[in-house]
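All the letters of the sequence shown, read from the start, carry residue numbers 3 to 104 under this note's numbering.
Quick caveat, the hints were computed from the structure, so don't treat them as lab data. Treat the hints with caution; some may be incorrect.
[To be verified] Straight-line distance between alpha carbons at most 27 Å, and here's what the computed DSS-like set of lysine-lysine pairs gives:
id, residue 1, residue 2
1, LYS87, LYS66
2, LYS103, LYS87
3, LYS66, LYS12
4, LYS66, LYS24
5, LYS24, LYS12
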Amino acid sequence: TIHGTNEDLKEYAELVEILEQKVGRIIFNGFPTGVEVCHSMVHGGPFPSTTAPQTTSVGTAAIKRFARPVCYQDFPQEALPDPLKDTNPLSIWRMVDGEMKR
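Construct the entire structure; sequences and hints are all you get.
In structure tokens:
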């Protein structure tokens, strides 16, 4: 949320451009809906409350709506994307055999 005047928007246009690249919504002189982004926040349930009970538009699970899983079966290590290589060259947290590992 940005609070200010129209002149402030002009003066801080560079800040708005940075926010455009980092956030999904910019509110000017207003307030968000109050929907918290947390693990327990979901919108869904059985029909008729939703027609897609396996998804949600809020909370941390909402990002899954945009994910498309791909299975790389029997690929050689050198052909896998870096996040999937056994050596973990990016040193990222991953679920391996049911455990979070780095």
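Status of the hints after comparison with the structure:
1. LYS87 to LYS66: With a Cα-Cα distance of about 22 Å, the restraint between LYS87 and LYS66 holds, given a limit of 27 Å.
2. LYS103 to LYS87: holds (13 Å)
3. LYS66 to LYS12: violated (36 Å)
4. LYS66 to LYS24: holds (19 Å)
5. LYS24 to LYS12: holds (19 Å)
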